[in-house]
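A.B. asks: Below, each chain spelled out in residue letters.
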Amino acid sequence: MNAQWLLFAFLASCIACAALGVVFSRNIVRAAVWLLFTLIGVSFLYFLLGFEFLGTAQLIVYVGGTMVLVVFGVMLTAQGPFLQLRTKRIEWVFAILVGGALFGLLAKASLDLATPQTKNENIPGISPLGLAFLGVDAVSPTVPMSGFPDGREAPKRTANSYLLPFEIVSVHLLVVLIAAAYLARAKRKRTPHG
Amino acid sequence: MGEPGLTAYLILSAFVFVCGIICIATKRNAIGILMGVELVLNAANINFVASARYHPGFPIEGQVFALMVIVLAAAEAAVALAIILNFYNNHATVDVDQAEDLKG
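Each protein sequence line maps, in turn, to chains A and H. Position one of the first sequence corresponds to residue 10 (this note's numbering), numbered consecutively onward. Position one of the second sequence corresponds to residue 513 (this note's numbering), numbered consecutively onward.
Read the hints as simulated data drawn from the structure, not as lab findings. All C-beta atoms, glycine included, are put in the ideal place defined by N, C-alpha and C. Don't take every hint at face value.
[Said to hold, decoys possible] Short derived list, chain H residues pointing at chain A, Cβ under 8 Å:
id	residue
1	ILE523
2	ALA526
3	PHE527
4	ILE545
5	LEU546
6	VAL549
7	VAL583
8	ALA589
9	VAL591
10	LEU597
[Stated by the list, open to error] Listed next, the stretches of chain H that the computed footprint assigns to chain A, with coverage defined by at least 3 CB atoms under 8 Å from CB atoms of chain A:
id	region
11	563–577
12	598–610
Looking at chain A on its own, in the form it has when it is part of the complex (with noise of 0.2 Å):
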């Protein structure tokens, strides 16, 4: 037992209570607010696998934008009734045997996969990430090339380029952001069943 089994048990056991509060909560707004701390469970497990980046952006995008957005949600429309929706026993009981039967499953394909249980101690930082996305990388290229000083190499494109995916997500996001804005205008005063 050391400091990473013992930091990963925490966060573990953290996560885990937190998706079942989740799961279990009859009120949205405490529902939201474990949500909340999965979120924040999950970007500290990137910290500890040395993901930095990864954790940060998670933070700032899902925990900063993502559950804003939730909470509005919720604020918008959380109004007596709704509050507190009733679940049918049978339905939980059904949930709950086939979440079982699932993570049953799971489980034990997980613990069958042959995995790699070594480290990859030279994990690519924040440099390498964006220059992949970008589709450039810092490998020394075959001809020389202009507008570089001397002893710096230029950057040349490699196989595993990522600016495609990169712009269509980017695109992707600006038409959702325009089409969800569109969607939930004011257009009419709230009519029941209009």
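Position chain H against the provided structure of chain A, taking the given hints into account.
C.D. replies: Leaving out everything else, chain H in the frame of chain A:
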């Protein structure tokens, strides 16, 4: 027991995934279902990041996919909330059992 390997992370992610699935299946509030989807996406992300750490083949691919998932989850949450607000404006409820206009 040196440190937690890939298996420990896979089992944690399986647990979070199953919690998300149960959340989607049992919640009647549409925003609760959206929270379940967020849990499922986070479980997938834990898998990607743990693979990036412990699998020698994907040191950068795991991070790239995890970032994509984070951005797509933000987009998905925005559009889902817009649809939920529209539904709430038209029907004055967020109970998904009442969303049966398309039922024949």
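A.B. asks: It remains to establish, for every hint, whether it holds in the given structure.
C.D. replies: Structure-based check of all given hints:
1. ILE523: holds (5 Å)
2. ALA526: holds (4 Å)
3. PHE527: Hint holds; H:PHE527 Cβ to chain A Cβ min 5 Å, cut 8 Å.
4. ILE545: Since chain A brings no Cβ nearer than about 11 Å to H:ILE545, farther than 8 Å, the hint is violated.
5. LEU546: holds (7 Å)
6. VAL549: violated (11 Å)
7. VAL583: Constraint on H:VAL583 satisfied, holds at 5 Å.
8. ALA589: Holds, about 5 Å.
9. VAL591: For H:VAL591, the interface hint holds, since the closest Cβ of chain A sits about 5 Å away, which is under 8 Å.
10. LEU597: H:LEU597 check passes; min Cβ-Cβ to chain A is 5 Å, inside 8 Å.
11. 563–577: holds (count 10)
12. 598–610: holds (count 9)
Hints 4 and 6, counting from the list given before, are not met by this structure.
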